[in-house]
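Undergrad: Below, each chain spelled out in residue letters.
Number of protein chains: 2
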Amino acid sequence: MPELRHDPIQKRWVIIATERGLRPDEFPRTSELKPNGLCPFCEGNEDKTPPEIRAFRSNGRGPNQPGWQVRVVPNKFPALRIEGELNRRGLGVHDWMNGIGAHEVIIETPRHDLAMADMSAEELGQVILMYRERLQDLMRDSRFKYVLIFKNHGPAAGASLSHPHSQLIATPVTPLTLAGELISAKQHYHGKERCLFCDVISQELESGERVVLSTDRMVAIAPYASRFPFEVFLAPRQHQHNFAELSDDMARELAATLGEVLRRIKVTLSDPPYNFLIHTSPNTRTKPKRTAYWDTIEVDYHWHIEIMPRLTGIAGFEWGTGFYINPTAPEEAARYLREAEL
Amino acid sequence: MPELRHDPIQKRWVIIATERGLRPDEFPRTSELKPNGLCPFCEGNEDKTPPEIRAFRSNGRGPNQPGWQVRVVPNKFPALRIEGELNRRGLGVHDWMNGIGAHEVIIETPRHDLAMADMSAEELGQVILMYRERLQDLMRDSRFKYVLIFKNHGPAAGASLSHPHSQLIATPVTPLTLAGELISAKQHYHGKERCLFCDVISQELESGERVVLSTDRMVAIAPYASRFPFEVFLAPRQHQHNFAELSDDMARELAATLGEVLRRIKVTLSDPPYNFLIHTSPNTRTKPKRTAYWDTIEVDYHWHIEIMPRLTGIAGFEWGTGFYINPTAPEEAARYLREAEL
Numbered sequence: 000m001p002e003l004r005h006d007p008i009q010k011r012w013v014i015i016a017t018e019r020g021l022r023p024d025e026f027p028r029t030s031e032l033k034p035n036g037l038c039p040f041c042e043g044n045e046d047k048t049p050p051e052i053r054a055f056r057s058n059g060r061g062p063n064q065p066g067w068q069v070r071v072v073p074n075k076f077p078a079l080r081i082e083g084e085l086n087r088r089g090l091g092v093h094d095w096m097n098g099i100g101a102h103e104v105i106i107e108t109p110r111h112d113l114a115m116a117d118m119s120a121e122e123l124g125q126v127i128l129m130y131r132e133r134l135q136d137l138m139r140d141s142r143f144k145y146v147l148i149f150k151n152h153g154p155a156a157g158a159s160l161s162h163p164h165s166q167l168i169a170t171p172v173t174p175l176t177l178a179g180e181l182i183s184a185k186q187h188y189h190g191k192e193r194c195l196f197c198d199v200i201s202q203e204l205e206s207g208e209r210v211v212l213s214t215d216r217m218v219a220i221a222p223y224a225s226r227f228p229f230e231v232f233l234a235p236r237q238h239q240h241n242f243a244e245l246s247d248d249m250a251r252e253l254a255a256t257l258g259e260v261l262r263r264i265k266v267t268l269s270d271p272p273y274n275f276l277i278h279t280s281p282n283t284r285t286k287p288k289r290t291a292y293w294d295t296i297e298v299d300y301h302w303h304i305e306i307m308p309r310l311t312g313i314a315g316f317e318w319g320t321g322f323y324i325n326p327t328a329p330e331e332a333a334r335y336l337r338e339a340e341l
Numbered sequence: 000m001p002e003l004r005h006d007p008i009q010k011r012w013v014i015i016a017t018e019r020g021l022r023p024d025e026f027p028r029t030s031e032l033k034p035n036g037l038c039p040f041c042e043g044n045e046d047k048t049p050p051e052i053r054a055f056r057s058n059g060r061g062p063n064q065p066g067w068q069v070r071v072v073p074n075k076f077p078a079l080r081i082e083g084e085l086n087r088r089g090l091g092v093h094d095w096m097n098g099i100g101a102h103e104v105i106i107e108t109p110r111h112d113l114a115m116a117d118m119s120a121e122e123l124g125q126v127i128l129m130y131r132e133r134l135q136d137l138m139r140d141s142r143f144k145y146v147l148i149f150k151n152h153g154p155a156a157g158a159s160l161s162h163p164h165s166q167l168i169a170t171p172v173t174p175l176t177l178a179g180e181l182i183s184a185k186q187h188y189h190g191k192e193r194c195l196f197c198d199v200i201s202q203e204l205e206s207g208e209r210v211v212l213s214t215d216r217m218v219a220i221a222p223y224a225s226r227f228p229f230e231v232f233l234a235p236r237q238h239q240h241n242f243a244e245l246s247d248d249m250a251r252e253l254a255a256t257l258g259e260v261l262r263r264i265k266v267t268l269s270d271p272p273y274n275f276l277i278h279t280s281p282n283t284r285t286k287p288k289r290t291a292y293w294d295t296i297e298v299d300y301h302w303h304i305e306i307m308p309r310l311t312g313i314a315g316f317e318w319g320t321g322f323y324i325n326p327t328a329p330e331e332a333a334r335y336l337r338e339a340e341l
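Chains A and B, in that order, give the protein sequences. Oh and the first sequence: position 64 is 63 in numbering that gives the first Met the number 0, straight run, nothing missing. Oh and the second sequence: position 67 is 66 in numbering that gives the first Met the number 0, straight run, nothing missing.
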């Protein structure tokens, strides 16, 4: 069973998951894909994954059979386990709980070589509908405070299998990164009765210099204080706090926008490694039902997607300060991305 | 001139330093050392660096001449610039200031191949005395809120030159990471009138299972909630908030301890890439003289060194949550490090 341990100095949670454990001489020295061979995510190899949690299928066949468009399976080496109680406990200055949560893999397509950037809007739309469905489902479990959906593309961004897939991890505590965003959003709202994210979006749309792409209902910008070169922030123009409440129409528009942003990044930067993360509101069904963050969460938080090409490394300065050094002005990045020939 | 930009959502500062700028097709795809050639940090090549700020020399020759033991020069591509005013400014939801600060390189030895792990205690002691002196000097500049001293060892940890060197960056704002630690320390002190770090150290010394090494005045432990496999926390056993107040005796003992920890890491993990960071109290001479963090800083903060071998990567989950997944239990890591044959 993995453990969740809390650091009293930096107030962060760490998952100690020794089942993935390596002896000191076994850590790989470079990030690379697992050797080719039978791909467990390809159509026809459904028996090579743990039994599926959910799939979209149009051919009427049963679970764990070919014929799916998007398929969700438990991670074979889960960082957190679904069964059990948290059993929260203090150990002197430290805090501990069982590593309870969910860790799922969303196999985005049966086709091994169809990168997300190259999917049709319809194909990508299916992936987004699956994200929404998994979020809705996991938020029924009151043990989970948060569900993070993310994608690692390329070995340098942490992908170990090349077949296109995303992941989700449901956590039993509010992650530090999210807590920080919730506090910023709340402080802004309490002072101004406006959503911080709506304010950022309208300021960016007005200036235009950092806008990568905007449609009727979505906008993609290079954030003013981008940590990484060519980072992109993608959000709905209209206020919405919870990704799980996405309408079908919005899901289609998000698919078209996300696909275009990923294509512009791919063309501009020659298919770089990247991570993307969906930031959405925490699970408001958890118990206790109310925490400090929740009194105005529906009006102050605003879901968004952060896309981070991994072109620069993280070293001592970044670890020690939380500052980042970005060698590309976001205005330049936005211009390159806008001008990319698709 | 670099810019400091503030992100209103995650409240972090980013340095936009486009003089280091790269076109989209120029980002290197793998972390690697600059090609061999004339090493600007080697003895005899003093004219290949910007003019030195300080050096320890025993042969009585003038600056920028051979014969030094430790030499400090400005970074040739500084992330922040020493000259100018901050000119703090709001731009709608965003915040901006000039990228004022200091960015120095501490060349640890004239010998190109003498890694820090292989230095004698006396050689490493000279480096530590130089860290102390640079901290003391930069804290006289009331524009600087913080000085981070750090080391990147190996290209995967961000080093671009192989000649042993550390760096320091002085920042005009309190870094987020430090602010978090200061708040934790203060909350603990206000509740208990004890230093949080002293409490962690005494709990660890009592249990012993995560102690890597302890001497009369120093202790090295594998933190209970280590983010990374084989992470080490090194601190004085007696309370001291400011690294710049290190006594000569303590500097010698720190040199012996740090050297031994680095050798144990080198032997156990076959010379892995690593970062280390010195966490010390912020500059209490800045103006305004008092901030929320400072009323009890001398009793609640405790300087320490964080050493992080870079064996695992950072991917979407870590970026999105601030959680980390560590595959090696700190108790195991401490045992391997204790048992390493030096």
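Honestly, the hints are just simulated from the structure, not real lab data. Hints are not guaranteed to be accurate.
[Unchecked claim] SDA-like cross-link-like pairs, simulated, lysine to any residue; straight-line CA separation at most 25 Å: (1) B/Lys-265 x A/Lys-10; (2) B/Lys-10 x A/Glu-331; (3) A/Lys-10 x B/Gln-186; (4) A/Lys-33 x B/Gly-312.
Undergrad: Work down the list of hints and note, for each, if the structure agrees.
TA: Checked hints:
{"no.": "1", "hint": "B/Lys-265 x A/Lys-10", "in the structure": "violated, 29 Å"}
{"no.": "2", "hint": "B/Lys-10 x A/Glu-331", "in the structure": "holds, 23 Å"}
{"no.": "3", "hint": "A/Lys-10 x B/Gln-186", "in the structure": "holds, 12 Å"}
{"no.": "4", "hint": "A/Lys-33 x B/Gly-312", "in the structure": "holds, 15 Å"}
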